[in-house]
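Student: In case you want the letters, here they are:
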Amino acid sequence: MEKKILVVDDSRFIFEEMKFKMKASEEYKIAYYCSDGEGLLDAYEKYRPDLVTVDIVMPGIDGIEASKRLLEKHPEARVIIVTSMVFDDTMEEAEQIGALGFLAKPFETSDMINIFDLAFKKQPLENPV
Amino acid sequence: MQDREEIRCIINDNVSEITSRMTGITLIESQPVEIPDAYTIHLCAKGSYQFDLYLQTDIKTLTHIAKQMKRKPVTSEDIPMYATEFFNILGGRIVSKINRLYQQTARFKPPVFFSDSFRLYDIQEDTLIFYYRYLDGNVKVEGQFSRIRAL
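Same order as they appear, the protein sequences are chains A and B.
The first sequence maps to residues 13 to 141 in my numbering.
The second sequence maps to residues 167 to 317 in my numbering.
Hints were generated in silico from the structure; no laboratory data involved.
Check each hint, because a few of them may be wrong.
[Unchecked claim] Cross-link-like lysine-lysine pairs, in silico, DSS-like; alpha carbons within 25 Å at most: (1) K16(A) x K33(A); (2) K33(A) x K85(A); (3) K15(A) x K33(A); (4) K306(B) x K233(B); (5) K58(A) x K85(A); (6) K31(A) x K16(A); (7) K236(B) x K226(B); (8) K41(A) x K134(A); (9) K33(A) x K238(B); (10) K31(A) x K306(B); (11) K85(A) x K35(A); (12) K263(B) x K275(B); (13) K306(B) x K236(B); (14) K212(B) x K306(B); (15) K41(A) x K15(A); (16) K236(B) x K41(A); (17) K212(B) x K263(B); (18) K236(B) x K31(A); (19) K306(B) x K41(A); (20) K236(B) x K16(A); (21) K31(A) x K134(A); (22) K35(A) x K226(B); (23) K275(B) x K236(B); (24) K41(A) x K58(A); (25) K33(A) x K236(B); (26) K212(B) x K31(A); (27) K133(A) x K85(A); (28) K233(B) x K35(A); (29) K33(A) x K233(B); (30) K133(A) x K35(A); (31) K35(A) x K238(B); (32) K226(B) x K212(B); (33) K134(A) x K33(A); (34) K31(A) x K41(A).
[To be verified] Here are the simulated distance ranges between beta carbons: (35) N126(A) x L301(B): 29 to 37 Å; (36) F32(A) x R299(B): 40 to 48 Å; (37) L130(A) x P202(B): 25 to 33 Å; (38) P87(A) x T192(B): 44 to 52 Å; (39) D282(B) x E104(A): 38 to 46 Å; (40) Q270(B) x P87(A): 38 to 46 Å.
For every residue, glycine included, the Cβ atom is placed at its ideal position computed from N, Cα and C.
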């Protein structure tokens, strides 16, 4: 069955880019978009996506804090951090809150598929935060 | 002095690589040139150091960048969104590499787009400045790195 993905990013470009790169996929559908961290929890509860991708650099609360709030309430959520800020501190922080992987911008289609596949092989933490 | 050279390489390498990967545009380093009616994108990373990165270019080049990213014709309303996302990714790559180089941490908020030659500070002696050309467009990139010292 097709897995539905919620994209959280202040720039709609990333949502459009993911949709374009995944248009041939029968396994993943880039289905929903949310433009800020504050809206993530509501969007998750409304759409119940199979996976959420979250940008780190956003106005208001950043992607790490937004993911932390989501995972506190929904530890079953599968979260992938999508960012150009790939360095050790951020990766450690993302792992600690229970994110299942990192996708570095800019990315190719194969990078997306690999990280999504990996996220579905891992089990979300029960109490990640 | 060593800081300056290392950061110069990080900026220059990433400007070329990320521009090419995201837009297919090959920038060529050029001589200093004035860019009439330039637009500006600014990013400021703060933490255990401060790093300001500016990109100035003309509307033709910005339109081309946006068109390549969107893969469709763009309107003037599209330009700031594509320009800031391009710069967000470029800046993120540069700041990550500086973080790794110095084993320090700085983070930034989303870049800001200005419809003029905005500048937050005067050019310093150690400001790194790069000029590039692409077809008949020009791009200027400035980087200002400051270590934050404990008093």
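Student: Starting from the hint list further up, note which numbers the structure goes against and sort them upward.
Tutor: Violated hints (numbers, rising): 2, 10, 11, 19, 22, 26, 32, 36, 37, 40; every other hint is consistent with the structure.
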